[in-house]
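Going down the list, the protein sequences come from chains A and B.
Residue 63 in this note's numbering sits at position 63 of the first sequence, and the numbers go up by one each step.
Residue 1099 in this note's numbering sits at position 99 of the second sequence, and the numbers go up by one each step.
Simulated from the structure, these hints should not be mistaken for laboratory data.
Everything numeric in this text was worked out from a predicted model, so none of it was measured.
Be careful, since some hints might not be right.
Pairs of lysine to aspartate or glutamate residues, derived as EDC-like cross-links and limited to a Cα-Cα distance of at most 20 Å, are as follows [stated by the list, open to error]:
| hint | chain 1 | residue 1 | chain 2 | residue 2 |
| --- | --- | --- | --- | --- |
| 1 | B | K1049 | B | E1071 |
| 2 | B | K1112 | B | E1088 |
| 3 | B | K1112 | A | D107 |
| 4 | B | K1112 | B | D1085 |
| 5 | B | K1116 | B | D1085 |
| 6 | B | K1112 | B | E1015 |
| 7 | B | K1109 | A | E59 |
| 8 | B | K1049 | B | D1085 |
| 9 | B | K1109 | A | D71 |
Not close to chain B: a few residues of chain A, all C-beta gaps over 10 Å, as computed [what the hints assert, rightly or not]:
| hint | residue |
| --- | --- |
| 10 | Q13 |
| 11 | S86 |
| 12 | I113 |
Here a beta-carbon is modelled for each residue, glycine too, at the ideal position from N, C-alpha and C.
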Amino acid sequence: SQTIHQWPATLVQPVGSPLSLECTVEGTSNPNLYWYRQAAGRGLQLLFYSVGIGQISSEVPQNLSASRPQDRQFILSSKKLLLSDSGFYLCAWSVGTLKGQPQHFGDGTRLSIL
Amino acid sequence: AQSVTQLGSHVSVSEGALVLLRCNYSSSVPPYLFWYVQYPNQGLQLLLKYTTGATLVKGINGFEAEFKKSETSFHLTKPSAHMSDAAEYFCAVTAPNYGGSQGNLIFGKGTKLSVKP
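Construct the complete structure from the given sequences, taking the supplied hints into account.
Right under this line is the structure:
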């Protein structure tokens, strides 16, 4: 069966520090991968999605970037964190070859910026 | 383009009462529809989905939803609420034949369900 792993579960970082959040998927090949941010009272915001290695689409302009160095690895990064980057970050995957498939989510990373 | 509206950001019911969470969608093509549940500090878990075929869809934990094209609705119901149902629920839509962002879901803003003893 397929599983998705996100780490770390919680992270406290100072303003201006770098960020790297990692997400890996097991048990499937060539998945679509997604990064979301969930801020209090604002629902889910799609940040990035990827349909293949090295292919990244950004949904909103921001201080963050994403990379997909391997088929089942998705990394969210920042060179300098802002206070507004605080939130709950979720990684998700869906079957890559079929449209309209449900997304399956990791357990999330709670990021607090001080 | 697609959009989702969830009526009521907070819903409170008594244990054993009917749960009804409302979702209306907008889509220019036949939609695929989903309900997710999120417990505190966890990711989203798929409750059920509608793609094609039977319009009444049964999911996990006793939940079900009915796709009503004429009303552009996909409301989530459960006959008898349990304390463990307290969580946030998200409705989502995607258009399987829509070009561009393959498989991307459009989420509603969520409804927090409280269950009183």
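Verification of the supplied hints:
no.: 1; hint: K1049(B) x E1071(B); result: 18 Å, holds
no.: 2; hint: K1112(B) x E1088(B); result: 4 Å, holds
no.: 3; hint: K1112(B) x D107(A); result: 18 Å, holds
no.: 4; hint: K1112(B) x D1085(B); result: 10 Å, holds
no.: 5; hint: K1116(B) x D1085(B); result: 11 Å, holds
no.: 6; hint: K1112(B) x E1015(B); result: 15 Å, holds
no.: 7; hint: K1109(B) x E59(A); result: 17 Å, holds
no.: 8; hint: K1049(B) x D1085(B); result: 18 Å, holds
no.: 9; hint: K1109(B) x D71(A); result: 31 Å, violated
no.: 10; hint: Q13; result: 18 Å, holds
no.: 11; hint: S86; result: 15 Å, holds
no.: 12; hint: I113; result: 18 Å, holds
Comparing the model with each earlier hint shows a violation of hint 9 alone; every other hint is respected.
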